[in-house]
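If you're matching them up, the sequences are chains A and B in order.
Sequential numbering from 991 applies to the first sequence in my numbering.
Sequential numbering from 17 applies to the second sequence in my numbering.
One should not assume that every hint holds.
Unchecked claim - Computed, partial: chain A to chain B, Cβ under 10 Å: (1) 1055; (2) 1108; (3) 1132; (4) 1182; (5) 1264; (6) 1278; (7) 1281.
Please keep in mind that the hints were generated in silico from the structure rather than gathered at the bench.
Small disclaimer: the values here were computed from a predicted structure and weren't measured.
In this text, a Cβ means the ideal position worked out from N, Cα and C, and glycines have one as well.
Next come the chains, spelled out residue by residue.
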Amino acid sequence: MSELTLGRHTATTPAKPRSRTLWQQIVRYRESYLLLLPTFLLILIFNYYPAGSALYHSLFEWNGANLKQFTGLNNFVQMASDKTLWQSFGNLVQLTLFAVVINLIFPLGAAALIFHLRNLPMAYFYRVLFVVPMVVPGVVVLMIWRFIYSPNLGLLNELLRATGQEALVRPWLGDFTLALYAIMFIGFPWVAGFATLIYLAGFQAIPLELLDSAAIDGASTRQRFFSVELPLVMSQIKLVTILTVIGSFQNFATILVMTNGGPGTVTMVPGLFLYRNAMHYNKMGYACAIGTLMFVITLALTYLNTRYLKSSVEYTGG
Amino acid sequence: MTRTFRHDFPIHLVLAVVAVLTFYPFLFMVFTSFKTSPQFIHDFWGLPWPLTVANYRDAWTRIAVYLVNSIIVSGVSMVGVLILASISGFVFARFNFPGRELFFFAILGLLMIPGVLTLVPAFLLVKSFGLLNTYGALILPYIAGGQIFAIFILRSFIASLPEEMFEAARLDGASTWQAFRHIAIPLSKPILVTIAIMNILGTWNDYIWPLVTTPDGKLWTISVGIVTFSNSFRGLESWGPMFAGYVIASIPLIVIFLFSMRYFIAGLTSGAIKA
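Whole structure, please, built from the sequences with the hints as guidance.
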């Protein structure tokens, strides 16, 4: 143990170890493997095994206990004609597109406004101010929105009554046509989130000389924003877009808490449908098949992202 | 000064409107938490006076247990993640053992696996271990999952530390443990705090996993507990205690925020990058 002190960093590794056999090297570094053991035990048990199990059991009719029958691609065939699943993917696409558009407008606008303030202490104040709501637990925020939409003494309905718009009063989350839009609207005005922070960091990284030369050339505030600032925060815009898509794709707790997919199944999303198949209908195999499909879509999105979006992050200096 | 103000004024106007729209629901929550039901019904928009502090007593007796569960689960998970991730991050950063890249890739690859894929088998696994309705059902998977991104961050941070320091320690006869304990860890302190906060936020806000793995309700964390607590008010004309519960549930994270604002903001942004 004592002669085995610190391993050498890659950059300074001398050529000497090459003369040793691989086995000698492994023995020499046994301490490293031992130290990594707890980490790998945990991820093998709680991450790799469940992932593999999900892919494997997507080919079975499985109730998680006694019934386990290999059915080949039957689950996937069944999925192709499952109306609720199609509906839930339709909802997911709408929710995701809406979230992407929102995050391209409101947080970007707020970050640009804060960046344009000349009074820097005030700019700092707003930055902190818009972080505070993120500290409130996510579920509490959802509970507040459930109250806002509440059919009886809800904030939104009371506001409509107070302003004489009684005709518009309705049970927002129980309305077949409006429930999905009500869910999209959660978080309005959407500025208190990580997107604002990321955009702001992007604006603040713009070299001052660029802004100065734009000013010297007589650019208006508008020209400065669209021709100088916006192109320079493009990598942040892409980052926020990717994160929004992935976040929207994974999140079904919001729907579970707000509407549980209802009324009917008009606000169903794939994650919640998977959850319901597993926990309520005991169709574990079918749930795993839905999970597998979502995994494949995630991989496809990751591929598209590295192929078309990520490359530009480097040359703008992210 | 006046020129600055004249330039900033329209911006302040817009930001103020946005801030009011953002914060009004939260203020409404706080106001209502101090109201009796008649006050709420007859004076919906008004300020609460006199303050009904009893709402907080009612809410506290019902959600304190969830808050304690959350503090235990998030606290223990956070400590576990810090210990495992700092050891593994250190090993990946400073030892050139055979297979290092392969092992690291095995950890990185997990970032591509969505939680919905593993949800069902992970639940059945925890069930088969007999861990349902125990702290282990929450803490062990939280440590397993939480360490992934933490290792990723810590590896690059510890690798960026100058080799000379470790070289000097080695010449002075320092053991691996001493180099870890007295060089790597003290220098990584800011990043460790950020990871800790990020991790607490993640486990504190998680809803699905505790809902699935602690069905009997005794070990519910605050996220699950508060929804059930809120549902129990359905049909009851009792808003004050409900909103008081929401406020109580928000206090621990706000306290952490007040004491570590800078790390908190760093944690939120890096937490975003994780997702």
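Hint check:
no.: 1; hint: 1055; in the structure: 9 Å, holds
no.: 2; hint: 1108; in the structure: 4 Å, holds
no.: 3; hint: 1132; in the structure: 8 Å, holds
no.: 4; hint: 1182; in the structure: 5 Å, holds
no.: 5; hint: 1264; in the structure: 6 Å, holds
no.: 6; hint: 1278; in the structure: 6 Å, holds
no.: 7; hint: 1281; in the structure: 4 Å, holds
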